[in-house]
Structures are given as C-alpha cells and as structure tokens.
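There are 4 protein chains.
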Amino acid sequence: MTVAHPDSGVFEALESEVRSYCRGWPTIFDRAHGSRLHDENNRPYLDFFSGAGALNYGHNNPVLKRALLDYLERDGITHALDMMTAAKRTFLAAFREIVLEPRELPYKVMFPGPAGTNAVEAALKLARKVKNRETVVFFTNAFHGMSLGSLAVTGNAFKRAGAGIPLTHTLPMPFDDHPDGRAPDFGWFERLLTSAGSGLDTPAAVIVETVQGEGGINVARAEWLRELAGLCRRGDMLLIVDDIQMGCGRTGAFFSFEESGITPDIVTLSKSVSGYGLPMSLTLFRPELDVWEPGEHNGTFRGFNPAFVTATAALEEYWRDGRLEKQTLARGDQVGQALDDIAAGRPGPAPAVRGRGLAWGMEFADPARATAVCARAFELGLLLETSGPRDEVVKLLPPLTIGDEELEEGLALFGRAVRETEGPDSRKKGGNTP
Amino acid sequence: MTVAHPDSGVFEALESEVRSYCRGWPTIFDRAHGSRLHDENNRPYLDFFSGAGALNYGHNNPVLKRALLDYLERDGITHALDMMTAAKRTFLAAFREIVLEPRELPYKVMFPGPAGTNAVEAALKLARKVKNRETVVFFTNAFHGMSLGSLAVTGNAFKRAGAGIPLTHTLPMPFDDHPDGRAPDFGWFERLLTSAGSGLDTPAAVIVETVQGEGGINVARAEWLRELAGLCRRGDMLLIVDDIQMGCGRTGAFFSFEESGITPDIVTLSKSVSGYGLPMSLTLFRPELDVWEPGEHNGTFRGFNPAFVTATAALEEYWRDGRLEKQTLARGDQVGQALDDIAAGRPGPAPAVRGRGLAWGMEFADPARATAVCARAFELGLLLETSGPRDEVVKLLPPLTIGDEELEEGLALFGRAVRETEGPDSRKKGGNTP
Amino acid sequence: MTVAHPDSGVFEALESEVRSYCRGWPTIFDRAHGSRLHDENNRPYLDFFSGAGALNYGHNNPVLKRALLDYLERDGITHALDMMTAAKRTFLAAFREIVLEPRELPYKVMFPGPAGTNAVEAALKLARKVKNRETVVFFTNAFHGMSLGSLAVTGNAFKRAGAGIPLTHTLPMPFDDHPDGRAPDFGWFERLLTSAGSGLDTPAAVIVETVQGEGGINVARAEWLRELAGLCRRGDMLLIVDDIQMGCGRTGAFFSFEESGITPDIVTLSKSVSGYGLPMSLTLFRPELDVWEPGEHNGTFRGFNPAFVTATAALEEYWRDGRLEKQTLARGDQVGQALDDIAAGRPGPAPAVRGRGLAWGMEFADPARATAVCARAFELGLLLETSGPRDEVVKLLPPLTIGDEELEEGLALFGRAVRETEGPDSRKKGGNTP
Amino acid sequence: MTVAHPDSGVFEALESEVRSYCRGWPTIFDRAHGSRLHDENNRPYLDFFSGAGALNYGHNNPVLKRALLDYLERDGITHALDMMTAAKRTFLAAFREIVLEPRELPYKVMFPGPAGTNAVEAALKLARKVKNRETVVFFTNAFHGMSLGSLAVTGNAFKRAGAGIPLTHTLPMPFDDHPDGRAPDFGWFERLLTSAGSGLDTPAAVIVETVQGEGGINVARAEWLRELAGLCRRGDMLLIVDDIQMGCGRTGAFFSFEESGITPDIVTLSKSVSGYGLPMSLTLFRPELDVWEPGEHNGTFRGFNPAFVTATAALEEYWRDGRLEKQTLARGDQVGQALDDIAAGRPGPAPAVRGRGLAWGMEFADPARATAVCARAFELGLLLETSGPRDEVVKLLPPLTIGDEELEEGLALFGRAVRETEGPDSRKKGGNTP
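Protein chains in written order, with numbering that gives the first Met the number 0: chain G, 0 to 433; chain Z, 0 to 433; chain C, 0 to 433; chain R, 0 to 433.
Chain G with its partners taken away, still in its complex shape:
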C-alpha cells in the first residue's frame, strides 16, 4: 500500500504546532458518511474514533442531514443567542418529553455555549455560587476541558502545565480502581470531610465521569458511583456528572449514570448531543439550583439553531424507544468478548481490556505499543486513538449506528494491528508501510 503524500504544505506552514490528530493520521480527509471517512484520494477509513465521541450516530447521518438541509434551505434562523426560536422550542419540548420525563429527571436546561468546556465552566460556576464555597473535588485522570476552570479539574499534568498559572481551588481524589478487587474506598475522603474543620475547606462539589474517556477508559463501578453520591449528600456537596463523552448513549442508556441509579445534581452534555458534529452543549441541574441571574453567564454561540434541529432529529430517531440502548449493550458485550480474545490470543502477558457499552480500551504495558497499534490500524484503514495518562490505552469508540459487518471488520482490523505490532521490531513498524 502506498500513502499518497497529501498537499499538506499550508498546514505545516500556517497552522500552529499545537495541532495533533493530523500528525498520527497523515492524510487529507474530505468526505464522510456513516462509519466511514474518505480522504482526498477516495481512500476509505473505518471510524472507531467517532470524533472523540461527538459522532455517536455516525458521520452525516442521513436522517439528521435531511432535517438540517430543510432548515437551512428555508432560512431557518441560524444564530440567535438566547432569544426564543421555534427550533429551540422544539428541541426543549423533545428533550423534556423523550429524555427527562421518562427518566423522572427534574432538570432545568442551560445553554452555556457551543463547547463542552463551556458546559463544565457553567457547572462549576453554578456549584460555587449555590454553595458559596470555592473548592471542587475531581478525580485522577479526569478530563473536563481546556479553559481555566475546566482545566483546574483535569488531571493530565501536561495539559495542566499549559495553564501558565497554578490551578487552584480544586482537590484531586483517586478514581475508582476496581481491578484490584478492593472494596469501594472513600475512607480517606470521608475522614477529611467528617473531621469538620480539619484542614479540608468543605468542597462545593465533586465532578466525575462515569467512564473516563481521555483518562484511558477507566470504568467506575455502579456501587462506587452510588457511594460517591451518598458521600456528596452527607457532605453537602453537589455531584456533577460530566457526561460529555459518555452521555448520548455511548454506554447504552442516554445518560451514562442511569445504570447506577444515581441522580446527579448537575449534568454536562455536549459532543453527540447535536448528533451531527455541530457545536452544542448543555448544562442540566436540579431546579432548586437555578440561582442564575439573567445574563450572569452568556456567550455568542449558545443558540446555534441548526444544532437544535439535528439534536431534535436525533432524539426523535434514536431515543423514542429503547432499541438503540439495547443494541449498544449487546454490541458492548460483543466488543468486550472480541477484545478479550485478542488480548488472550497474544503471547506474553495479556493487555488489560475494559469498557462499558461501546466505549472500550485495551491497555498495553508499553505506551509505544499502543501508538504502534494505532499507526498500523491507520495503515490498514481503521481510525483509532490512544488515551490514558501515558497514551498507553488504545481506545475503541465506534459509532453506535455502525453496521454489524463494519463492527466485525473493525475488530478484525484491530486484531490484525495488535498482532502485527508484536515483537521486538513492532515499534518500528508503526508508521511504516508493511
């Protein structure tokens, strides 16, 4: 196989060195549909990455596309800040009817801006305002965003250092670490909390991902989440679930926390909420927390109406009934089994496999191996990225709407990439043509 050298000169000359995905996937993408991207040379790539969770319904999903084109063609209002619009009303009504009411979730809805980090910033502001306290607890290997508020609750040292100022008013706690079979252990946190005035300034809130995506597909157990929710209740702290990457069905149910039975005080959504890759985010919270003054938080792109249109279409198409959820759970079992087989079938110690729904990870002892697997997969036409604190985990995030054959094909390619990166020369192979 030959990778044609794309005309990427303008990227190299003009775009900042901060760019990253383009370094591992050295081609120029042009079109995309469903589970496949195509580059300029019309070479297809199977997508086990899904826009880092922003494309749960695949690329340019035809149902959503139709709704979007109709809206644009008839000059539906595009940009409307937080004016009332017909498209927004329809979205709100659908969100209430399809998402909130069946789950008996009492949330009010805030449109905090187009990006996930805006939703997190709004959640942190609100929690601090409600409780009139500064400290927020977060977890090791958490990822919540790149603006300063979100970055202060993000674990990654490299990204934290980018802040250029010390990140304060936050406190890290160990994330659930269940592989070692230990009981859920909030002992030390509880000790800090209960010895009142012992040294911990009582936190306003705890922010958690039920499955840490960027952190390496670390899955919190349902009982750990329940215990955390109890701890928050007893400790008078708000519980924020950041469901930006794991919500919108990624783990099966619409919200990733449904399985555990907890009801967070605040929830953030973004990525797949518009369903089409259109920038949109939501901050949800219990009505009694709605102490915002009008305009206290704002933003130019918080009312991007085409996103409301595709978001509504996605809810109507996929969440009126439980089929997608069931399918995701079933496919999750399938993927888990396949990964276990791949892991077990290799010589040497088996890499760890973990996941929930259609979010899966395989952790390699050597981070270079994970990189090599992704590089080999790219050569084979499969998009995969690494995650985890040392980039040691290959992350599998196929579209929820992927076809059965595509899923099998992707798993087979992944298995081949794992196989073909074994041995002393494996690292060198990454990035080379076989």
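One should not assume that every hint holds.
All copies of an identical chain are treated as equivalent in the list; a pair is satisfied when it fits inside any one copy or across any two copies.
As the list claims (entries may be wrong) - Distance condition first, Cα-Cα at most 25 Å in a straight line; then the derived DMTMM-like pairs of lysine to aspartate or glutamate:
id	residue 1	residue 2
1	K64	E96
2	K158	E133
3	K107	D235
4	K130	E287
These are computed hints drawn from the structure, not numbers from a lab. Predicted model only: the values in this text are computed from it and were never measured.
Got chain G sorted already, so can you dock chains Z, C and R onto it with the hints?
Quick look at chains Z, C and R alone, frame taken from chain G:
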C-alpha cells in the same frame, strides 16, 4: 400594534433563569434573511444587532448558504477535530492569501475551539507560557468571555462575581478616555513598569479591544493604541488584541487595529469569522510565539468544517477587494451623522454619540432610558441592545451588508424610539403598546 | 474560695476582642517561678500549660535568669538583626556541639524571625524555591501558625476562615489515626503521587508535627513517620517536621522525631528554644537546600541576642547529657498511668488518653466537659487548656523541670477536676465557686 | 587601620546563606550602649542605623534597662500569651493615657505576635474580614514584611520571588512621587474605583507607609496622604498605615501620620515600640472594626511581658511631654541641611536628599557608589545601610536620643565617606583600608 403572545411555556418551565435576550424581545423567532428576522407570526424585525457582531454579512447570506448547502449535500466531512481536511486547507490558503499576506501579517493560525472565549483562553495560555509569567493586564469595561481565564480579564463586576472564586493574576488599567481631551496617559502604568521590582510582577501580556463593544462602544484612539503597543514593546509584554467583536470588518478594515498601524503579537477572532453564525474562532500569533506542544490545548469542536466552508466563501466574496471596507467606512460616517442629528435634535443635554465603522453607541444619562429606547424599538420592529457597565448605551451594530434603504429605515426607527421615550413618562412607555 | 475581681477594666475597654486565654483564666498574673504563676493577690497556680510549650524549663528558670541578667547588666548587644555577635556565635557553637553533632544531623541554621510562624514561613518558602513547585501537603488538625503561609497548612476551619482569602497551594491528608489499629495507610496519597500527572500537581514538600499539640495531642506512630519519610523520598518531596511545640525535649529527646529514626529535610523550632519565653525561632535544613540569596528572607527581630544567651544556657544545663531526656520519658510513663487511672475510675465510657513524653491529652466525648474540667482546675489552682478541633481534649503540658511533688499534686488536682465535673450539673459548675 | 579578622568560622559553616548584614559589617559585635556598638576588639561604631528603626531610644537605654532588670529580678512573669498580667495592664493604661487620649485616637489594641509582619498580617486579615473582600492596594517600593500576607503587599521583586508562589489578591499603585512637582494624582486609581464594576474588584483596604524606609526614604507629602485618606473614605476602603519603621517618633510625632492630620482605620506598630529591641508589635484599629472572634488570630509570643515593661518605661520617659518630638524635628532640619551641604559640595550632579524627622536618605545615581559609601563609613566607624529598589540610597537613621556631638560626628564621618568614594576608583575603595 398587538404582540401576539407566543407559546413560550417550555422556555419558562425548562430553560434556566440565566436566559436574557429573550426577556427583552418577547417573541419566537423562526426565519431570518439578510438584515431581517421573522417571528412565528411572520412579523419582520430589522436587525441593528447582528448577533452581537456574529452576523456582519447578514443572516443566512445567500453566497455563504450556497457553499454550505453544497458542502453538506455532498457529505463533506463535518466534524474533524484537528485532522487535515480539504475544507480546512482551502480556508487556510484563502486566509493567508486574502487576509494575512496583503497586510504583511506574519501570523500562524490556531483553532482553539468554537467560541470566542476559547480563543481568548488560548491567547492567555500562550502569552503566559512564552513569557513564563502569570500577570495579564486588561482594561476597565473590557469583555473577553465567560470561562474562568477570560472572565479574569473581563471588567464587569456582575459577571466577575459569577466566577465563584476570586479572579487573580490579572490587573485592570483605565481604558482610553479621550472625550476629556487629555493626552494619552500611560504615565502611572509606565511608572509601575519602569520602577522594576517596585511591586508590579511584570505582566506577560496586555489584552485590549480597540473598540469595547460590550463595554459601551468605547473607542480607543489610534494614537492611544500606538502608545500602548510601544509600552508593551518597551516593557517586554505581549500585546493581545481581542478582535472578536470588532474584527471581520466591523470597523471598516478586516482587523480593527489596521487603522492604527500596530501589529499585535496575538489576535483573537471569532463571531463573524465563519460569516454565517457557525461557531468558529481563531487565535493568531507571531510565528516565534508558536511554542505549543502538540495537543497542549485541544477541544472537540475546533475543526467544524462547515464553518471553514462559509468562512472561505465570506473571504472570497467580501475581502478580495476593498469595496466592503470602503462602504463600511462611508456608512459609518452616515450613521455617525444621523446619530449626532438625533442626539442634537432632542431637548435637554445631548446624549454622547461614539463609534467607528459600523459600531455605534448612544449613551443616555439614565440607563432606564436606554432600556426604554430598545423596548420601543422592538415594538417598532427594530432590534437594538444596550451595553455599557450600567446598560446605559444603546448599541447599533447593523449588518455590514445592509441595504441603503434598510439602513435609513433603521436609523429613522431608532430616532423615533428616542423621541418617543422622552419626557417624564418615557420609562413607562418602554414595553407598552403605543 | 473567693476569686477577687481583678482590675481588668483596661483590658475590656482597650484590648481587642481577639484575646482568649484571659477569658478562661480571669485573674491578673504578676510573677512566675518554676512551675508556678502567681496572680496579683499572690495566689499561686500550678502550671500544666507551660506557655503552650514555650516554657519547658519552667518560668524564669534561675540558671537562664542568671545568664540573662549578666548579659543585660554588662550591656551585651540586644538587637542585632543578622550581624555577627559574640552571643550568637556562642549559641551557634553550642547548638552544633550539643544538639547537631551528637545526633549526626547535618543541618544549617537560619534565624527567620522571632515567632514560630516565621520559621514555618521560611521553611515553606525554601521548599518551594528548592523544588520550584507550589503545592505543600499538610495533615488534618495540623497547626503551624497564623500568617498566611502557615495558615494555609493549618487545619482548623475557624482559623482558616480568618484569612479572608481562600488558602491555596496546599493539600490536606489524614493524620495518623492509629487508635483504630489499622495499618499505616498512605495508599491513596501514594496513588495520587504515583499516577504521574494524574491530577495532583507534585508537591514541593510535606509538613508534619510528630505529635499534634493544638490538634488534640494526636500522636503519630514512629512507623507512620518512617513510612511518610519514605514516601517523601520516593515522591521527591521535602519532609518538613514542625517541632515548634514538641521539640526541645517535650517528648523526651531534643527533637521529637529522633525516636522514629527519620531525618527530616527541614525542621522548625521555636517556643522553648530560648528556654525563657524570649521570642526566638530557628529553621534548620540540609546544607544542600541552602539556596537562599543573601537577604531573600529577613526580619527585624531575627537577632534578639538575649534569647541566644538563654538558649545557650539551656543547652548547656539540660542537653549536655541525657538526664532530662530520661526523666521526661519516665515521667511520661507516670503521667500516662495516672491519666489511665483517672479515665478508668470514672463512671461511663472512659475518655481516651494519649500522649508522648510530657505531652498528654484526655479526650472527652462532650467538649463542654473538657471546658468544665479546665474551669474547675483553674478554681483549684491548676492551669490547663483544651485543644482539638472541637476543644474536646484537655491538654497536659507540665514543665519538664517540674518537681516530683508538683507533678503528683497537679495530677491529683486534675483528677479532682475530672471527678467534680461529672454528672448532669457538671457543666454549670465550670466557672463557679464550689 | 586594621580590621582584625574575627573568628567568624561558625557563622560561615553553620548559618544559612540568607544572612546579609554581617556581610557588609565584617566584625563580631559584643556590647552596645546609647548610640554606639562595640565589637569584640572593643572598637566602637557610631550607629546611624538604629536596628533598622528598632532602636529609636538607642542601645540598652539606661532608663529602660533599669525597668527591665527590676522586672526580671523580681521574677515578673515573662511569657504569658494573652493572659491578663500586671505588666500588660500598666502598658495598656500608659499607652491609652500617653499616646491615644492626647491625640484623640479611638483605637483598640491588638497584640498580634512579636514581629512587625505579624502586625501587618493581622491588619490585612481584619480588613478583609470587615469588608468581606479580598483585594488590598499597596504602593510601589513598599515593604511590609516577609510572611506571605505581608509579602503580597511588598514591592521588592527579589523578595516577592522568594515566596515561591504567585502573590495574589493585591494591587500596586504608584507611591507619591513629588520631586517632579506634579499635583497629587490619584486620577487613574479613582477612575478604576469610580467606574464601578469596571474591572477592579473593590479593594478591602489600602496599606501605606508615610515614609518608605526600605523603599529608599520616599516621603509622602501630607496632602498626598490626605487625598489618599479621602479616596479611601469615598471608595469604602480601609486605610492602613504601616508605622512600624516610621512610628514611635522617628519622624517627630509619635505616629508619623499625625503631621498630615489623617486618622487611619488601622495602624501597625513594632520595632521601637518596646524601646529596647525586645520583640513586640501592635495592631491598632477603630473600635467598630473589632470584629475578631476570641482566638481567631493568635501566637505564642504575643504576650512577652518584659517588652511591655520597657515599652511602658519608654512612653513615660519620652512621650509624657513634647520635648523629644521637638528635638527630633529640630535635628531633622539640622540633618537635612548637613546632607544638602554634603550633596551640594561634591563635583558632578548632586545626589538627591530627602527625609523627615530623623529618617534621611541620599540617593546616588550609581548604586555601587551607595554601597561604597556604606563600606567606607564602616571603616571609619559609622554604621549606615543602603535601601531603595536598587540599593541606591544611603539611609541615615540615627537614634532619636543621640547626643549633639555624636550627631555632628556622624554627619562628618558620612561626609567624609561620601568624599572619599568619589572618582573613578571610588568603588574599589569600598571595603579597603585607606
């Protein structure tokens, strides 16, 4: 005139109290085209607001719309993070050829996320990293965004208080205050800077808007900007121009700082850069500042390709030649004259009028009057918003592409709103049917 | 017994409401000698408080007094900042010969100011400078001082709130909690540390008291301290032992950490170091940490020569041999036994008794009882104070030089105070005349 | 002249590199009396330094010494925290009668710890608590102490950097800069304050020295101080005068602010308040600000009774009448005249001379010259130190009680040191034997 009561129940029941524009404009918007929005009852509103500067080319501009529909219809890739795409390449090449090269601006381009505040956060991070210092200077009445980094350089006390934590590592300075005819005065700032080690931790950067939009259409003089640039040079501080609201031609030239002849070290753009209200932002900086590590700043929606498509179309349509710039400057004179006439024609002390290009403000001694003017304008079918620290300034931000008759019509309606809110009962009139 | 009403009007009229000890001991003290204070009416009080640990050698110890009077009479220099003086040289030589060399402690000596909190501030500054990191770990219920740096590593919520600003750059950890018989557990701290870049900005240092005095006489086990020292070594963090209250022989050996065999990187001393209640403090550190620039930390009273004189006399008198240390350990056993007897002899659940050397505490379930015990003891002529997060622990800190009969007498009075505050009316009795 | 090499080995081997005065004055001091120190070789040094302002009444003042010895001999209580003692009562009564009442100052008195920085920390805490705000304004070249709270309002960059963390919640302003003859100018500060919510988080307080000692003997004009006081009143900010170095008569009156007629809300005193170099400090404040809770701020050495004894003796001896004040003002004129003569008599541009009372400075264009002057003075038997941001100012701070002949002698020696450091070789001469 009768305002039909729209079915706004779901907004009131479900949307957070933080919503604000909808409170002053109590109708349900549905469609928009050029300089007009239409509500559900098909009532048209002339737009002197332009999405707070995000719609410089009007609503659903047909040239941009055609490009967007074509792209969507052919399944151009929508969501691509910072992968290389054909649409992004085209945008970068056009931005270089049409914007940067003719102005001899050496900038590299970073895609920091979809919202303006993401561009500001990236600018602040980069400045602090480059200089290895924490402090950033900002100006009274500045507005740079709602995430914690941007909020720390924003002046408004109400919005700052929303942070829930003290905002540190920043230092306010008085913005240019030319109406009093005094010479440009950076005396005290220079004294702080030059008595090295005197108490001021040397700032990494200064962030400034050339015209403060949210702050009340406060216009910095070109000589003040030049003096500031000189001060930054002598004081080894980076100069960041936040051109999010005033860039993309709002003041005439593509960048609002061109008139003064300065070359900022870092520039932020957003709002009208996509031209169609699609979320997009840019952080530009001198190449020697490009010390980012790959992935040190990231974000899910930093590669929203439909925005690249409309952004390219806007550059091609409006910035290949100088016609739009000339037209904006000419219209600026026209608007300034009209506002002066309106101000002078009224009894009592004349409200202050100020502006540049097509960004204008009329400041009323009584903030309630400004609110009443906007309310009356809405009744008359004209969208206007207030700004300034006490909401005492009526802001006029018509689309740059507005037709001559529309501009005249809008100015006439504005004059009428001013007139009809005079007198002891004026405030009551606001919001009532005449 | 009748407590004469002292003429305390000027205190009430002129002294700030912040005063506190005077509220529990409502008399005017005038003279003091050895283990006894006398008030204006010549009423004696046996001292089981020792100036909160500043009077380990008793009040106005005659050996030290003679040296002090001689020095003052001959016009020895009193105030000398950090000039070289004969008195300082003698102290340094004695400290090296009597304290450092026999213990093979390699420390350099810094005179950071007169108060303990100055020593802590210097220790924290130095640690942050050496490691070029901001975060310092402290322990629940720690007390290190009232200036902002020290307060940020102090646990007490009431005192922290007095800062008036959020206290940042510090992280609390649970102090050793050995009564529950669990193994030393730094598990979660180690997890935070070892998942590099997981969310914890690597701390510059850990600051710890071996026995928390203000925190309620909480005694860290030797193995816990050793494990902590190991953790610091592995985690590249400096270990600071704040020996201000527990050093100078309070727990037996000169330094309280000697028993555990650890060698801290930095040690703070104050309180009893001058031996006579004269303000003096020291910060000790490994020579390779001595990266201070000349004058980088300073202070007017860091060279108070009369304190050097009494400090030298105390070293010569009490630390040339091991007699005081042995006596303190033996008396510690005696006090512990007596307290156990007092605790066991009472109806109801026995209060917890804990201590090391001559630092002991008895913890009552009801804080009001601890207050009542101290109030009754005052009536009986014994000075005792409460400590602990809820003031629930009666603290016993007799002079190390107390006579055998005085020790017995004090323990008997304490036992009587405990006895006489039993029962439903006990609290009312506190403060009343029997 | 030959400087005997003192046996300073233990200082070099054992004392931290942070030591500084000993580097410029390489001898071992032993005794001191009045305006003279003596080294081990019995060489006398005339003191124009006065313990950096801690020895306004000279070394080991005989009146104070007698009171101190009497107190110690009779076993007066030495260390008493904030218990009531007879010595403290006597001090409080004298302070009220001799200092507060004649000046109609309504202050309450707090004993915040032994050092000046403790007084500043308490002042800042109290101001922030009273106003429930974080920000405190300070002035360029201010010096308020080395603990973190005080350091955050200190100007010197070298000392600030020693903090090891960014110093936040404070804002620098230019100190009065009257030599340029400009009108008092708080224009920009007032602009920041009056455009409410413009960017400046309203400060809790402003802290100022009337004459900056460490900053280079910068003298604020009375009208500048009055304007500042007015600004604080209008801006609802507390005015804190740090009178630690300039109080206790250094500028003539007991408080340095008396001349201007202002009444600060909070005043800090230390250094010469005990009069004998014994560590002691006070925080004074208007009674309505006394919102402290009992024990909210504390400290081991806040009740050092020998200091109360000497402080009382100093008040009785020097402040019952106006003689010392008058003498200081007269001598101030004398010193000012002498310095003008010295400055004018030299070739080249005259160094700036400035001062008030008995605090004077001569500023040299070349900091090396100032250092050379001090070094030459030491050789000649006169102690002088430099100050100012670049150590460019020779500071003259003789005891207020200096004899007439001693004052003349010192001025003559200073003139000689200035003379003998002229010319191209002057710098080399510093430190050499002539």
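For K107 vs D235, is the C-alpha pair at or below 25 Å within one copy, between two copies, both, or neither? within (21 Å within a copy, 39 Å between copies)
Homo-oligomer pair classification [E96, K64; C-alpha up to 25 Å]: within (22 Å within a copy, 32 Å between copies)
Regarding K130 and E287, is the shortest C-alpha distance of 25 Å or less found within a copy, between copies, in both, or in neither? within (12 Å within a copy, 29 Å between copies)
Which holds for K158 with E133 at a C-alpha limit of 25 Å: within a copy, between copies, both or neither? Classified as both; 22 Å inside a copy, 16 Å across copies.
The structure fails none of the hints (numbered hints given earlier).
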